[in-house]
Amino acid sequence: MKAPFVALLTDFGHADPFVGVMKGVILSRCPWARVIDLCHGVAPQDVRAAAFQLRCSVPYFHDGTLFVCVVDPGVGSKRPILWARGERHSFLAPDNGLLSWVGPLREVRRVEDSALFLKPVSRTFHGRDVFAPVAGALAAGADPARLGPRAKPEVRWSWPEPKRAGKGWRGKVVAVDGFGNAVTNLRPEHLKGRLSAWAAGRRFPLRSCYADAPDGAPLAVLGSAGLIELSLGKGNLFGSLRVLVGDTIHVR
Amino acid sequence: MKAPFVALLTDFGHADPFVGVMKGVILSRCPWARVIDLCHGVAPQDVRAAAFQLRCSVPYFHDGTLFVCVVDPGVGSKRPILWARGERHSFLAPDNGLLSWVGPLREVRRVEDSALFLKPVSRTFHGRDVFAPVAGALAAGADPARLGPRAKPEVRWSWPEPKRAGKGWRGKVVAVDGFGNAVTNLRPEHLKGRLSAWAAGRRFPLRSCYADAPDGAPLAVLGSAGLIELSLGKGNLFGSLRVLVGDTIHVR
Amino acid sequence: MKAPFVALLTDFGHADPFVGVMKGVILSRCPWARVIDLCHGVAPQDVRAAAFQLRCSVPYFHDGTLFVCVVDPGVGSKRPILWARGERHSFLAPDNGLLSWVGPLREVRRVEDSALFLKPVSRTFHGRDVFAPVAGALAAGADPARLGPRAKPEVRWSWPEPKRAGKGWRGKVVAVDGFGNAVTNLRPEHLKGRLSAWAAGRRFPLRSCYADAPDGAPLAVLGSAGLIELSLGKGNLFGSLRVLVGDTIHVR
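Residue numbers (the working numbering), protein chains in the order written: chain A, 1 to 252; chain B, 1 to 252; chain C, 1 to 252.
Just chain A, with the same shape it has in the complex (with noise of 0.2 Å):
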């Protein structure tokens, strides 16, 4: 029997037993299931946040991987929740933008066969009552067609795509990781041929790793989402100069 493979996303953290609840609750309905936590630390209700790790994360797992992801301020209410298939990859998630960056979604259904949930659902842990229960049946084999209805994701946001502005650009900063660093929507051929970028009133140089520039210097990298990252050396830009998601960035 082969493993299927679950990955969650959640915005749970870890000070509680919600995570652990939910791999209870996939292993009851699929023993063999491999659970990989892909992150639990999204910032409480951060659902662009936790596409953005979406988008980055995706591409590197097992075909067939189900991801299961849980960022949803709208737990209880009528909001729906989804299966998506993608291109190698499946998802649950609820619909409110969270697939928006994971590439062309080959099909979706509302999931609504409530056979399939806890009893009772509560109000308050769909991961727990909705999201473990599918993904263990699905992952023990379960037809996704059972689910409900095909659909369209209600919400689904575009690409924040740089701006022209005189001979630059214009981009902004999409995401703030645990180190401080800071994710751009800026990819290296908005750079070509400059050599900054410009935030928060400083220049950060383009720099080809962060080792290259001096303690506590500002410095540009192509990082590892294909996307420009604002730094600092050996120190971490957030703390330092409190850069924040949706700042603008200026190339020229």
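Hint data in this document are derived by calculation from the structure and do not stem from the laboratory.
It is possible that part of the hints are untrue.
The list treats identical chains as interchangeable, and a pair is accepted whether it falls inside one copy or across any two copies.
Unchecked claim - In silico DMTMM-like pairs for lysine to aspartate or glutamate, Cα to Cα no more than 20 Å straight-line: (1) Lys78 x Asp212; (2) Lys119 x Asp63; (3) Lys172 x Asp46; (4) Lys192 x Asp46; (5) Lys119 x Glu189; (6) Lys78 x Asp215; (7) Lys167 x Glu189; (8) Lys172 x Asp247; (9) Lys234 x Glu107; (10) Lys163 x Asp63; (11) Lys234 x Asp215; (12) Lys234 x Glu189; (13) Lys152 x Glu87; (14) Lys234 x Asp46; (15) Lys2 x Asp46.
Using the hints provided, position chains B and C relative to the given structure of chain A.
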């Protein structure tokens, strides 16, 4: 060979390799065990918080799962370590109240067979030297009867029931989760025909889910533990109003 | 097919999907590997702390476990990456001192066979692009000889031994754990016939376990690493007295 499930609950946090080392020991003794992190974010030495987490989590795990619970301010002292078998699961825990609320225990033994322990047994890390190797041995099929003599838990707390107060009830906060929500000891029956809970001088009207309250407004909701929770619409109640474990809740 | 064990030690923290993505890559290359989190809470770029964690953890893992260690301030620069085989385990780590205290290394090679790496190799996330795919290949049975030529670690620290000081010893704090306990480089032999350690102007009398000291009182205890630890009875020494790595301890 069926993979036995071992779930870990500790206050070890994530800054140190303590949990990882326990897994190393368990898997050295039973390489085919499936080890699941229930939670390692229990506040240091907060045995009651761990007991409450266990109460909320155990029912969701596979039959036969062994819960290894190490929140143990008495480590290295003469406090006994217990193995216990409940209705569907079994447990290893210090005899300090941790197993108070997991339901009826069918069989309880003191863990005394030092042939199973690592040598030497440190005085500060029984998670590694006692709990993990015993868990590994049990997972690998050791007979619990060899662990030690039958015993009764020396410490067992009764569940704190709400008390009558006039025409209403007086309850209390039994846990605060990582989102800042305050879990109370009140069940839906205590709110029957009543509209609100009161705490910290504020009224918490009963809502059917978090999203039903305006942003920042207090609400009470039936939480996932089957208990009434106090919360703030898209906010952090603990952060805003400092509602603490043990605080009194009035329902009237 | 026996499941190979791969243990991960990083400073990636839990806010980002970096560790999850590494697991995705390892399991893409070797779906039957068993991946264990040793620790991801090493302070950012604190190679010495990681080296100490490794020293305390490795002996407790199954023979043949591969430790993948990514605390790597030089990521993207020319610093080599090493594969090493010790007496019972093997390792992947940057050549920055991380493997200083894991015991004798029987064979060391530079990791240079880029055919095993992800393409393109980013300059900021070798955990994903180099360490993980190489670990997956090794777990799946690749011959370490193909990784690259034999080498010696360029950076290897000696263990800081306590020094004679009058009739006693002068040691130092080598680590502070998440409970605030200060682990020193003193072994039991250094305290023989002596009763106390001194640090931060306080006396830490030797006790046999944490619970033997009154609440809030300083104590020294033989810790789980075989080293003398300083602690406060039911308290947090680091939080209270700011004892830091490198601080001097006197025994007399």
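Hint check results:
1. Lys78 x Asp212: Between copies, since 11 Å is at most 20 Å while 51 Å is not.
2. Lys119 x Asp63: The answer is between: 18 Å across copies meets 20 Å, while 32 Å in one copy does not.
3. Lys172 x Asp46: within (17 Å within a copy, 31 Å between copies)
4. Lys192 x Asp46: The answer is neither: 32 Å in one copy and 35 Å across copies each exceed 20 Å.
5. Lys119 x Glu189: Between copies, since 19 Å is at most 20 Å while 52 Å is not.
6. Lys78 x Asp215: Cα proximity of Lys78 and Asp215: across copies only (18 Å, versus 51 Å in one copy).
7. Lys167 x Glu189: Within one copy, since 13 Å is at most 20 Å while 68 Å is not.
8. Lys172 x Asp247: Answer is within: at 5 Å inside a copy they meet the 20 Å cutoff, but 43 Å across does not.
9. Lys234 x Glu107: Result: close neither inside a copy nor across copies, 45 Å intra and 32 Å inter.
10. Lys163 x Asp63: neither (35 Å within a copy, 55 Å between copies)
11. Lys234 x Asp215: This pair counts as within: shortest intra-copy Cα distance 5 Å, inter-copy 39 Å.
12. Lys234 x Glu189: Close neither inside one copy (26 Å) nor across copies (39 Å); limit 20 Å.
13. Lys152 x Glu87: So Lys152 and Glu87 pass the 20 Å test inside one copy only (16 Å; across, 44 Å).
14. Lys234 x Asp46: Between copies, since 11 Å is at most 20 Å while 28 Å is not.
15. Lys2 x Asp46: neither (34 Å within a copy, 39 Å between copies)
Hint violations for this structure: numbers 4, 9, 10, 12, 15, all remaining hints satisfied.
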